[in-house]
Amino acid sequence: MKLIGLSGSQVGSKTRTAMNEAVKKVNEKYPGIETDIIDLAEYDMQFSDGRNYLDYEGDTGYVTKELMEADAIIIGMPIFQASLPGALKNVFDLLPVDAFRDKTVSMLITAGSAKHYLVADLQLKPILSYMKAQIVQTYVFIEEKDFHQKEIINTDVLDRLDRLAEDTVVLTQTFEQIRENQYDF
Amino acid sequence: MEKYRIHPENGLEFGIYTLGDHLPDPHTGERISAQERVHELIEYATLAEQAGLDFFSVGESHQEYFATQAHAVVLSAIAQATNKIKIGSSSTIISTSDPVRVYENFATVDLISKGRTEIVAGRASRIGLFDLLGYNVQDYEALYEEKFDLLRQINEQESVNWEGEFRASLKNARVLPRPVEGSLPIWRAVGGTPASAMKAGYAGVPMFMAHLGGSSDRFKQTIDAYRDAARAGGHDPAQLPVATAGFFYAAETTQQALKDLYPHINEGMKRTNGGGFPKQLFAQGAEPHNIMNTGSPQEIIEKILHQHEVFGHQRYVAQIDFGGMPMDKIRKNIELIGDTILPAVKKYTAKK
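Chains as they are written, first to last, in UniProt numbering: chain S, 1 to 185; chain F, 1 to 352.
One thing to keep in mind: the hints can contain errors.
[Said to hold, decoys possible] Ranges of calculated distance between the beta carbons of each label pair, as one might list FRET restraints:
hint, chain 1, residue 1, chain 2, residue 2, range
1, S, 90, F, 340, 50 to 60 Å
2, S, 44, F, 104, 39 to 49 Å
3, S, 179, F, 253, 54 to 64 Å
4, F, 302, S, 179, 27 to 37 Å
5, F, 273, S, 36, 42 to 52 Å
6, F, 273, S, 184, 20 to 30 Å
7, S, 130, F, 273, 15 to 25 Å
8, S, 159, F, 332, 41 to 51 Å
9, F, 280, S, 29, 25 to 35 Å
Hints are computed from structural coordinates only; laboratory data are not their basis.
We put the CB at the ideal spot given by N, CA and C, even for glycine.
Work out the full structure, taking the sequences as your base and the hints as a guide.
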């Protein structure tokens, strides 16, 4: 099983800090799982022009291929202008329509305030559903006040990230088993 | 229909197509050499002819895991190795070729085959060839439409006057040699969506519809849209042939067919298209109303007859060899077609 933590923004540190924490929890709890973090701030991504993802080169080709090969993806994103960051939406646009079929996707959201709590429900989940992801319904929403000097200081948030890591892995493994037993070819 | 060498009174035409893919056999992980693969395709065509099939075609793809980039050259070898089966492309990527050269090649193949050659012109599903051959992918649509129009004009007129954006003008140009009957059947490759089919309909061009799988009702909408568009464009749909093309695999039982075929399709599509084939959809492919023709010979006969009833199409083209299918299984399938499936299909679709 391969799990990718996709940190979906080119600016700021909160999403990356939370992603580090989430992936660390996966590694601690499930040492056999191959994990990797893709932080969009570290890659030079081109805009989608509609081609098959196998035809992109460089960073764009690398990121899309890594995501397509993953069994589970934790998506982290800040809220920009009451919505998801353009950098993250571009990643979705680069992938095929059913890119998340047979993949489990979970979410962690960072924000300046609680006022945008429903952005993930109203804007991110419909995209993931359309792309056929198995969604971990409960996401972790983390506010500015839960961070201090690039650390999460709220133990409740750490507990929630712990549950997110577990839910992501358990759901991925469960669906895989169900799929394997469903057909005898 | 006669213009396209189709005679519906003889029943539904049955053909075979290959994309010319060159993939490892997923059961063994082994891949034959390109030389072996090309010879396999020539043998495949001769077997199809011996089994009494109507049509055999070879595709053009300029990417890894394919061996028939020069598909017209492979077709000329097939023209020489066969005597009566109709041959063609599936498809020729007209967008990134010069229609004059394409026509010269296919008219020559037609002379070698003594009047058995057709062109199916498409626009490529992967776009690596735009870089390889020096075209801009931003012109994807415009290149296809302009070059397809020119190809048709060359086919219909011996002396061509033409001006366009992507090629030097032609002034009283004679494109030679001419095919045996003066022109070739030229089909438009369609990917299964109504929007794509309507473009073929408006232009009054035969439609070669490739599909992965799905219910016959869904594809009936595409075929209806094609015929409606043809009527709207001032053409008579009764004069325009429709071909459908998709996966085919026969075995003793449905279960055996699914088991044999699935790894080839799934692994092959992962390599060539970047995503596997979901097992759920593959299992549904065996349903009587699904246009993926997998199952026992009897089930496949019933499926093809059902499709013929729903679509009223003139040609069905089977893809058997995708994803490193070994030659012994291909032979076995052609044998089943020739001995059992083809006679039944002809018996029930020919007008007595």
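Hints versus structure:
1. 90/S with 340/F: 50 to 60 Å: Holds, at about 52 Å.
2. 44/S with 104/F: 39 to 49 Å: 44 Å, holds
3. 179/S with 253/F: 54 to 64 Å: 23 Å, violated
4. 302/F with 179/S: 27 to 37 Å: At 30 Å between Cβs, range holds.
5. 273/F with 36/S: 42 to 52 Å: The hint (42 to 52 Å, Cβ to Cβ) is violated, given that residue 273/F and residue 36/S are roughly 24 Å apart.
6. 273/F with 184/S: 20 to 30 Å: At roughly 25 Å between Cβ atoms, residue 184/S and residue 273/F fall inside 20 to 30 Å, so the hint holds.
7. 130/S with 273/F: 15 to 25 Å: 19 Å, holds
8. 159/S with 332/F: 41 to 51 Å: Between residue 159/S and residue 332/F, where Cβ atoms are some 60 Å apart, the hint is violated.
9. 280/F with 29/S: 25 to 35 Å: Between residue 280/F and residue 29/S, where Cβ atoms are some 30 Å apart, the hint holds.
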